[in-house]
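**Student:** This is what each chain is made of:
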Amino acid sequence: MGANPDLTTTVAGLALPNPIIPASGCAGYGREFAKHFELRRLGGLAAKALSLEPRRGNPPPRVAEAAAGMLNAVGLQNPGWDLWAHDELPWMLEQDVILIQNIVGHTVADYVELARRLEGTAVDAIEINLSCPNVADGMSFGAEPDGVEAVTAAVRAVTRKPLWVKLTPQTASIVATAAAAARAGADAVSLINTIPAMVIDVERRRPVLRNNTGGLSGPAIRPVALRMVNEVYRAVAIPIVGIGGIETVEDVVAFLLAGASAVQIGTAALVHPTRPVDLVTDLAVWCRSHGVARVTDLIGALELW
Amino acid sequence: MNTGRLEQTALVLANVRLSTAAVLLELRLPETAAAARPGQFLMLANRRTYLRRPLAICAVDHDRRSVSVAMEAKGAGIRDLMNLVHGDEITVLGPLGRGWRYTDYQAVIAVGGGTGVYALPTLLEAARAARIATACVLGFRERSRLVLEDRFRAAADTLLLASEKGGLDVAGTVLDGLRALDPALLGRHAPGQVLVACCGPAPMMRAVAAWAAERGFACQVSLEERMACGFGVCRTCACRVRAGAGDGWTYERVCCEGPVFDAADIIWEEDGDGCES
Ligand SMILES: Cc1cc2nc3c(=O)[nH]c(=O)nc-3n(C[C@H](O)[C@H](O)[C@H](O)COP(=O)(O)OP(=O)(O)OC[C@H]3O[C@@H](n4cnc5c(N)ncnc54)[C@H](O)[C@@H]3O)c2cc1C
Ligand SMILES: Cc1cc2nc3c(=O)[nH]c(=O)nc-3n(C[C@H](O)[C@H](O)[C@H](O)COP(=O)(O)O)c2cc1C
Ligand code: FES
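The listed protein sequences derive, respectively, from chains A and B.
So for the first sequence, the working numbering puts the first residue at 1; every next one is plus one.
So for the second sequence, the working numbering puts the first residue at 1001; every next one is plus one.
None of these hints come from the bench; they were simulated from the model.
Just to be clear, a hint being listed does not mean it is correct.
Now the in silico label distances, taken between C-beta atoms and shown as ranges [said to hold, decoys possible]:
1. A153/A x A1073/B: 51 to 61 angstroms
2. E1089/B x E38/A: 20 to 30 angstroms
3. G1244/B x R41/A: 31 to 41 angstroms
4. P223/A x R1141/B: 43 to 53 angstroms
5. R1047/B x V202/A: 17 to 27 angstroms
6. A1035/B x R205/A: 40 to 50 angstroms
7. T1009/B x D201/A: 27 to 37 angstroms
8. R1141/B x A122/A: 49 to 59 angstroms
9. G1192/B x D87/A: 28 to 38 angstroms
10. E1089/B x A67/A: 15 to 25 angstroms
11. R1017/B x D201/A: 21 to 31 angstroms
12. T213/A x G1075/B: 14 to 24 angstroms
13. D201/A x R1047/B: 19 to 29 angstroms
14. T213/A x A1073/B: 23 to 33 angstroms
Beyond 12 angstroms from chain A on every Cβ pair, some chain B residues (computed) [said to hold, decoys possible]:
15. R1037
16. N1083
17. L1084
18. G1114
19. L1175
20. A1184
21. G1192
22. A1245
For lysine to aspartate or glutamate, the following EDC-like pairs were computed, each having C-alpha atoms within a straight-line distance of at most 16 angstroms [unchecked claim]:
23. K161/A x D124/A
24. K1074/B x D201/A
25. K1165/B x E1142/B
26. K35/A x E1007/B
27. K161/A x E119/A
28. K161/A x E113/A
29. K35/A x E94/A
30. K1074/B x E203/A
31. K161/A x D187/A
32. K1074/B x E65/A
33. K35/A x D96/A
34. K1165/B x D1176/B
Note that the Cβ used here is the ideal one computed from N, Cα and C, for glycine as well.
Given the sequences, and given the hints that come with them, work out the whole structure.
**Tutor:** Here is the structure:
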């Protein structure tokens, strides 16, 4: 057994103690996980979407079971800036974890205002959610390169913080939207968000979700996410945060090999609450048993046929 | 504060048939048994579905360091749990949620229907242990569905069993059962000292809450909603709860702020909304 492997990684200059980050919307603002493990053991925390005004979210049912995963139609429920800044932010900052705040807006101006306000906080990075399919107009920004570029450029103009642009797989070309984010000054792209989907209750002849459709997540989407991460890695120069159905250390390694500099864990943490922190341990064990001295040696090390 | 691992491995100690339709699973879960409070629930993994399934804690045995859950076949998840046998292992999360708040009352009337009855035995037993008067009214679809009669009888000063198909104490619904309760029994305590604790199908809970409100009794209901995580992070388990002034409300989490809510705070979903049960 060699020395402890180096798990540190960087995403466009932002140093992370390891590449494992709970995904936005699957970790709240960290409080529930913090009852069971120290958040600082994670690579970072991607906090639940934040909007300027409070959002109630969609009526229930908000979750439907799918083969190897689930659909959600939470509708970006969140307390809005004022309550977040008062109740959640100070607590999160005390946890000594790299804090990536996910933001969502109805208009470009909403994103700009959120980023402007975040600029005055100690949040470590901003993740722009251009992709959540649940709120009627959430789709518009991420689906086309123009929309991605418009939001990213406008936000870039008001913040010096690391800017991660979270992309939706619901687009003609993920490379085109990733390239648009890069052109507009994004520091990194996070991919992928959930895939719009439907589950039907045939007895009631109704969709299970009250919202009719919801976002598919979990292992079911992992191969799609891996393909997209690798396509973007080969075509676009900025770092990638890989997301989609990650459950095991082999999944983490697969995303790193495909080109991700860090990864986010969503649905798996809903079923196994300590999975994110367990994966940090597992990754060290995996690296040691495979003779990998630095986790960054894995990034993009995939060899295509 | 670190409260240890939420995810525990449970050894199945017993699979007991309770009725033609229901099964009780006894699980070795020392930490959960020590921490569980009446009205809390578990999230149980199974071999068929990706997400865990929520089930009420139906019994706690401190000597055997076990927790039991009881269920009736619904879909793939519950069917698989019903097939577990002694010696099998599953993982569970729990105890979860906020249970019954009963300690400030002089009398508890537990009202249950369908699979909702499983959330009530631990409440009645805890109330009895705290020297609180207990009554219980349960509704079953038919006599063959009657479950846990001995436990309910042992924990409740008065037990009334109702079935619309007859064959039990009261031919009718739990509401008919409540109306059949001895008025002297109900009159023994100031209305504000009486807690009606209800778990069952939403229309039943709504009707029972109205019955309690008419009499000035406090009422708590244990809600069901589809859940992904069960421990508060995903916000899928939404129910409408009054908040702020006037008609204000927010979606709260059944798994954290509930499953037991004050009935007066609930804004019931219209038909077709919320959980089907
Ligand atoms: C806090 C709580 C306590 C519960 N306690 C009990 C109990 O003690 N005994 C019992 O038999 N049942 C109980 N239920 C209901 C039980 O969880 C569901 O019947 C079960 O999840 C159905 O799963 P399935 O795979 O068999 O059915 P399916 O219909 O195939 O399930 C599909 C999806 O819908 C969800 N779902 C379906 N019905 C319900 C429901 N009524 N409530 C919540 N989610 C549902 C499932 O979890 C799953 O995600 C409880 C539910 C909650 C929320
Ligand atoms: C319940 C739930 C809520 C989510 N909320 C958000 C959100 O607020 N913002 C966001 O950018 N993504 C959100 N997502 C998407 C996840 O962050 C992630 O991109 C997606 O689920 C794929 O990863 P997974 O398969 O590991 O879950 C949510 C996903 C789920 C399941
Ligand atoms: S089920 Fe996830 S927050 Fe309640």
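**Student:** Cβ-Cβ distance between R1017/B and D201/A: within 21 to 31 angstroms?
**Tutor:** holds (29 angstroms)
**Student:** Taking the CB of A1035/B and the CB of R205/A, does the distance hold inside 40 to 50 angstroms?
**Tutor:** holds (43 angstroms)
**Student:** Is the claim that G1192/B lies outside the interface with chain A correct, judged by CB distances over 12 angstroms?
**Tutor:** Check passes; 32 angstroms lies beyond 12 angstroms.
**Student:** If I take the minimum Cβ distance from A1184/B to any residue of chain A, is it greater than 12 angstroms?
**Tutor:** holds (42 angstroms)
**Student:** Does K35/A pair with D96/A here, judged by a C-alpha cut-off of 16 angstroms?
**Tutor:** holds (15 angstroms)
**Student:** Could one say that the CB atoms of E1089/B and A67/A fall in the range 15 to 25 angstroms?
**Tutor:** holds (24 angstroms)
**Student:** Just want to verify: A1245/B was marked as not at the interface with chain A; is every Cβ pair farther apart than 12 angstroms?
**Tutor:** Label holds. Min Cβ-Cβ 15 angstroms, cutoff 12 angstroms.
**Student:** Does the claim that G1114/B lies off the interface hold, with its Cβ farther than 12 angstroms from every Cβ of chain A?
**Tutor:** holds (18 angstroms)
**Student:** So does R1047/B sit 17 to 27 angstroms from V202/A, Cβ to Cβ?
**Tutor:** holds (24 angstroms)
**Student:** With a cut-off of 16 angstroms on the C-alpha distance, tell me whether K161/A and E113/A pass.
**Tutor:** holds (14 angstroms)
**Student:** Could you tell me whether the CB distance from R1141/B to A122/A stays inside 49 to 59 angstroms?
**Tutor:** Cβ of R1141/B to Cβ of A122/A: about 58 angstroms, so the range 49 to 59 angstroms holds.
**Student:** Measure nothing beyond the straight line between the CA atoms of K1074/B and E65/A; if it is 16 angstroms or shorter, mark the hint as holding.
**Tutor:** Holds: K1074/B and E65/A sit about 14 angstroms apart, inside 16 angstroms.
When each numbered hint is compared with the structure, no violation occurs for any of them.
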